[in-house]
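Listed here are the chains, written in short residue letters.
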Amino acid sequence: GENVEQHPSTLSVQEGDSAVIKCTYSDSASNYFPWYKQELGKGPQLIIDIRSNVGEKKDQRIAVTLNKTAKHFSLHITETQPEDSAVYFCAASKHTGTASKLTFGTGTRLQVTL
Amino acid sequence: NAGVTQTPKFRVLKTGQSMTLLCAQDMNHEYMYWYRQDPGMGLRLIHYSVGEGTTAKGEVPDGYNVSRLKKQNFLLGLESAAPSQTSVYFCASKAGGETQYFGPGTRLLVL
Numbered sequence: 103g104e105n106v107e108q109h110p111s112t113l114s115v116q117e118g119d120s121a122v123i124k125c126t127y128s129d130s131a132s133n134y135f136p137w138y139k140q141e142l143g144k145g146p147q148l149i150i151d152i153r154s155n156v157g158e159k160k161d162q163r164i165a166v167t168l169n170k171t172a173k174h175f176s177l178h179i180t181e182t183q184p185e186d187s188a189v190y191f192c193a194a195s196k197h198t199g200t201a202s203k204l205t206f207g208t209g210t211r212l213q214v215t216l
Numbered sequence: 005n006a007g008v009t010q011t012p013k014f015r016v017l018k019t020g021q022s023m024t025l026l027c028a029q030d031m032n033h034e035y036m037y038w039y040r041q042d043p044g045m046g047l048r049l050i051h052y053s054v055g056e057g058t059t060a061k062g063e064v065p066d067g068y069n070v071s072r073l074k075k076q077n078f079l080l081g082l083e084s085a086a087p088s089q090t091s092v093y094f095c096a097s098k099a100g101g102e103t104q105y106f107g108p109g110t111r112l113l114v115l
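Those protein sequences? They're chains P and A, same order as listed. Counting in this note's numbering, the first sequence runs from 103 upward without gaps. Counting in this note's numbering, the second sequence runs from 5 upward without gaps.
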């Protein structure tokens, strides 16, 4: 089955700096890669996703890049703010129009300090 | 719309007791999922459903049962709780696309 590795497990940046979280996946057939943000005591919330036919996607301060050859994808957050502090999860799935089960990474705890 | 809701928010069980976790969604989604979240292990899929009346096993199904009698509800049952089932349980749902929407979670402690 699919295996997703995520690094680093914790990341501390100063407000205004950039943060990068990296994930690798094992199944070359995976074609959908979402990123979820989980705030304390809440459920994961989708912040951005990318499909295998696209190399990069950006939404304001958040961007995701995908390298299919190397089987890795990354989340980039620019101009970080204290409200960006949370746990971030990457995931991968083979979207076949049915259940498309997600395999999650182990999470990155991002701390944005003032 | 309330989205995905989960009941209860928190529960303490003794080893051997049973309980049912309820997930409800008001988005008319076909697909529903149950995950457990443990420290350092991300979210792992327990069971899922592709429609009313259907269920299937995920990555870690042992010790759990599920039912999807109504399209909007997905129940997760623990017949005989064990300390290893102490976790935070998340339900998610999705329509025909890829995006899964998660509920707020149920924190379960088994003593």
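Watch out, some of these pointers could steer you wrong.
[Claimed, not checked] Taking lysine to aspartate or glutamate and the EDC-like style, the derived pairs with C-alpha atoms no more than 16 angstroms apart in a straight line are:
1) K98/A / D151/P
2) K144/P / D119/P
3) K196/P / D42/A
4) K75/A / E56/A
5) K144/P / D42/A
6) K139/P / D151/P
Please keep in mind that the hints were generated in silico from the structure rather than gathered at the bench.
Hints versus structure:
1. A hinted pair counts as satisfied when its Cα atoms are at most 16 angstroms apart, and K98/A with D151/P qualifies at roughly 15 angstroms.
2. Simply put, K144/P and D119/P have alpha-carbon atoms about 25 angstroms apart, too far for the 16 angstroms limit, and the pair is violated.
3. As the CA atoms of K196/P and D42/A are separated by approximately 24 angstroms, the hinted pair breaks the 16 angstroms bound.
4. A threshold of 16 angstroms between alpha carbons decides the hint, and for K75/A with E56/A the separation of about 5 angstroms falls inside it, so the pair holds.
5. A distance of roughly 14 angstroms separates the Cα atoms of K144/P and D42/A; the hinted pair therefore holds under the 16 angstroms criterion.
6. Note on K139/P and D151/P: the hinted pairing holds, with a Cα-Cα distance of about 12 angstroms set against a maximum of 16 angstroms.
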